[in-house]
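S.K.: Chain residues, written in single-letter form:
Protein chains: 2
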Amino acid sequence: MFKKVCIIGCGLIGSSIARAIKKNNLAKKVVSSNRSNDTNKKVIELKLVDDSNSDVKKIVDGSDLIIIATPLSSYKDVILKIKDSLKDGTILTDVGSVKENIINLIEKNIPENVSWIPSHPIAGTEESGPEAGFSELFQNRWCILTPSKKAKEKDIILLKNFWKKLGSKVDIMEAKQHDHILSITSHIPHLIAYNIVNTTLNIQDKKATDIIKYSAGGLRDFTRIAASNPIMWRDIFIQNKKNTSKIIDDFIVNLESLKKAIENEDGKKLEEIFTKTKKMRKEIIEAGQDVKKSDFGRK
Amino acid sequence: MFKKVCIIGCGLIGSSIARAIKKNNLAKKVVSSNRSNDTNKKVIELKLVDDSNSDVKKIVDGSDLIIIATPLSSYKDVILKIKDSLKDGTILTDVGSVKENIINLIEKNIPENVSWIPSHPIAGTEESGPEAGFSELFQNRWCILTPSKKAKEKDIILLKNFWKKLGSKVDIMEAKQHDHILSITSHIPHLIAYNIVNTTLNIQDKKATDIIKYSAGGLRDFTRIAASNPIMWRDIFIQNKKNTSKIIDDFIVNLESLKKAIENEDGKKLEEIFTKTKKMRKEIIEAGQDVKKSDFGRK
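In the order they appear, the protein sequences are chains A and B.
The opening residue of the first sequence carries number 1 in my numbering; numbering runs sequentially from there.
The opening residue of the second sequence carries number 1 in my numbering; numbering runs sequentially from there.
By construction, these hints were calculated from the structure, which means they are not laboratory data.
Any given hint could be a false lead.
Note: identical chains are not told apart, hence a pair may lie in one copy or across any two.
Unchecked claim - List time: in silico SDA-like cross-link candidates among lysine to any residue, alpha-carbon distance up to 25 Å: (1) Lys276 / Ser73; (2) Lys57 / Asp250; (3) Lys28 / Asp250; (4) Lys154 / Asn25; (5) Lys213 / Thr125; (6) Lys242 / Glu256; (7) Lys149 / Glu283; (8) Lys241 / Leu86; (9) Lys81 / Glu272; (10) Lys276 / Thr209; (11) Lys246 / Ala261; (12) Lys213 / Lys276; (13) Lys259 / Glu271; (14) Lys47 / Glu100; (15) Lys278 / Asn161; (16) Lys241 / Glu272; (17) Lys241 / Asn254; (18) Lys164 / Lys246; (19) Lys169 / Glu126; (20) Lys42 / Lys154; (21) Lys246 / Ser257; (22) Lys276 / Ser128; (23) Lys276 / Gly129; (24) Lys169 / Phe134.
Computed from a predicted model, the values in this text were never measured in an experiment.
Here chain A stands alone, though its shape is the one from the complex:
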């Protein structure tokens, strides 16, 4: 499918892509670039890539597919380093969770004849690093492409097929719409999970051990989400701050209203809301986005 693929940043996502390319035989050569020499050594040892080097400008040379898989805050640094090494006809993509800002940042820095097609594979675990990756990570998961204006149609089709070979279902949409939807389905849930665990940590008293001990009543599910990569999420919230801020405001208004209903012992209102939210679960299961299998009571 490709002659040379270069993955910049072999973390959970980057290393999973490398594994999936190797497994499905999608490129003659796969290389990567990581800032840390330990990581460059490790990905070669693990046979995830054929070569890996911290000199990103040098190692991207001659690639027909380049995938940026670093935290969003490193994009600027990366693009300034590689922009003069991009060959004509290269496809440039990424795997970041926010699109609108970075699409412009990169567009204005790359040569005319490069197809810049941001990707967002909606897949992941709360683990980080090259050892946490696995080739099936993208199986049956959505991947959203938000092509830049200058991206060539044939390259969009090629990249779409690439993700399909990795097992993904692919959708194409505007960056702005992507950022709005994802703020609801992913960014706010993560922020809330971080906030609930942080609030718990701030209740500093002798009950700390008890909180851990009895966490199976609901809290532990939030701690899993709040164990995700801090750097990655720091960048996501900042990059998508307009959407995030707006929904935080909505969330607080609704929470204040729930609080009032509890204080007034307004059982009717509470029951009404909790019945409504139950329905959404049903729709998600019907859409095949989760299995009807409870794990609240799991060991």
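Since chain A is already given, all that's left is putting chain B on it; use the hints.
M.R.: Okay, now just chain B, sitting in the frame of chain A:
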């Protein structure tokens, strides 16, 4: 262990107890009382109990262990109906998630010679009803007892052993302490999950289908928690309103502060908080309260 056990309310928890009693041979006879005649018929058909009847006053007669497993808002009705049918030496318990209010409500309504020992098995799924129960639900889960002042020591030991036979680990604490800890580990997480799903539902636009479609990015995990029994949770929040209100306030203060950090692009502060919350996950896994197995990326 017991001659006759009466379970009042055969929902997820009540029916799981009935199954576990039968399986472990802990009583000569198990009966139940449900308000709905359909449920009474069903639990007999399913062979969960030997007899079941909506006339709770009649069916509790002669029981040496009575377990109230109804929503908290029904306790008053139940105790007024059964108080004159309680035989000397009976152990009365429940499975409710809030303790301080109900401990007093029941204490003042029962005869001197009944041991009232509230129980809270920290176990459950998001499913409801007698068909959702299973006998292993309490395996390796904590069960907290908050004995009333007049409960006899020998009965506390007996009830403790009963829960152990069901597979639980048992702790004893003050009702007040129980309600505080559980508000943190269970009640607030559920309220927040309800609120996030409700906030999402309120964003009424053409993106509704997209929200379901891309829910695997975090939201779906909240919808699972927000699919729990609406009546049960309505009652829990109202019964534990003091603790709940207090923590909602803390939660909002912290969320406002996160929002401010995002708006100011204060990456240092965000990273600091997200790194701290990651540690709590580690402690929960070390305490055996969850498994180190990611399921964010599950199919």
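S.K.: If a hint holds in the structure, say so; if it does not, say that too.
M.R.: Hints and how they fare:
Within a single copy, Lys276 and Ser73 get their C-alpha atoms only as close as 38 Å, which misses the 25 Å cut-off; across copies the closest is 21 Å, which meets it. Neither within a single protomer nor between protomers do Lys57 and Asp250 lie at most 25 Å apart by alpha-carbon distance, with minima of 44 Å and 48 Å respectively. Taking the closest pair of Cα atoms, Lys28 and Asp250 never come within 25 Å of each other, the shortest separation being 50 Å inside a single copy and 55 Å across copies. Only within a single protomer do Lys154 and Asn25 lie at most 25 Å apart by alpha-carbon distance; the minimum there is 21 Å, versus 69 Å between protomers.
In this assembly of identical chains, Lys213 and Thr125 lie within 25 Å of each other by CA distance both inside one copy and across copies; the values are 24 Å within and 18 Å between. When the C-alpha separation of Lys242 and Glu256 is checked against a cutoff of 25 Å, the pair qualifies both within a copy, at 22 Å, and between copies, at 14 Å. For a Cα distance limit of 25 Å, the shortest separation of Lys149 from Glu283 qualifies neither inside one copy, at 34 Å, nor across copies, at 48 Å. Proximity of Lys241 and Leu86 under a CA criterion of 25 Å is satisfied in neither setting, with 31 Å inside one chain copy and 61 Å between copies.
When the C-alpha separation of Lys81 and Glu272 is checked against a cutoff of 25 Å, the pair qualifies neither within a copy, at 55 Å, nor between copies, at 29 Å. In this homomeric assembly, Lys276 and Thr209 come within 25 Å of each other (Cα to Cα) only across copies, at 16 Å, whereas the closest approach inside a single copy is 35 Å. Both within a single protomer and between protomers do Lys246 and Ala261 lie at most 25 Å apart by alpha-carbon distance, with minima of 23 Å and 14 Å respectively. For the homomeric pair Lys213 and Lys276, the shortest alpha-carbon distance between copies (18 Å) is at most 25 Å, but the shortest distance inside one copy (31 Å) is not.
For a Cα distance limit of 25 Å, the shortest separation of Lys259 from Glu271 inside one copy, 14 Å, qualifies, whereas the shortest one across copies, 30 Å, does not. When the C-alpha separation of Lys47 and Glu100 is checked against a cutoff of 25 Å, the pair qualifies neither within a copy, at 35 Å, nor between copies, at 59 Å. When the C-alpha separation of Lys278 and Asn161 is checked against a cutoff of 25 Å, the pair qualifies neither within a copy, at 36 Å, nor between copies, at 36 Å. Taking the closest pair of Cα atoms, Lys241 and Glu272 come within 25 Å of each other only across two copies (18 Å); inside a single copy the shortest separation is 32 Å, beyond that limit.
Taking identical chains as interchangeable, the C-alpha atoms of Lys241 and Asn254 lie at most 25 Å apart whether they share a chain (20 Å) or sit on different chains (17 Å). Taking the closest pair of Cα atoms, Lys164 and Lys246 never come within 25 Å of each other, the shortest separation being 34 Å inside a single copy and 49 Å across copies. For the identical chains of this complex, Lys169 and Glu126 are intra-copy neighbours only, at 22 Å inside a copy versus 29 Å across copies, given an alpha-carbon limit of 25 Å. Within a single copy, Lys42 and Lys154 get their C-alpha atoms no closer than 35 Å, and across copies no closer than 61 Å, so neither meets the 25 Å cut-off.
With identical chains, the CA atoms of Lys246 and Ser257 are at most 25 Å apart both within one copy (17 Å) and between copies (14 Å). For the identical chains of this complex, Lys276 and Ser128 are inter-copy neighbours only, at 16 Å across copies versus 35 Å inside a copy, given an alpha-carbon limit of 25 Å. Taking the closest pair of Cα atoms, Lys276 and Gly129 come within 25 Å of each other only across two copies (19 Å); inside a single copy the shortest separation is 39 Å, beyond that limit. Proximity of Lys169 to Phe134 under the C-alpha cut-off of 25 Å is restricted to the intra-copy arrangement: shortest distance 18 Å within a copy versus 36 Å between copies.
Going down the numbered hints, you'll see the structure goes against 2, 3, 7, 8, 9, 14, 15, 18 and 20, while the others check out.
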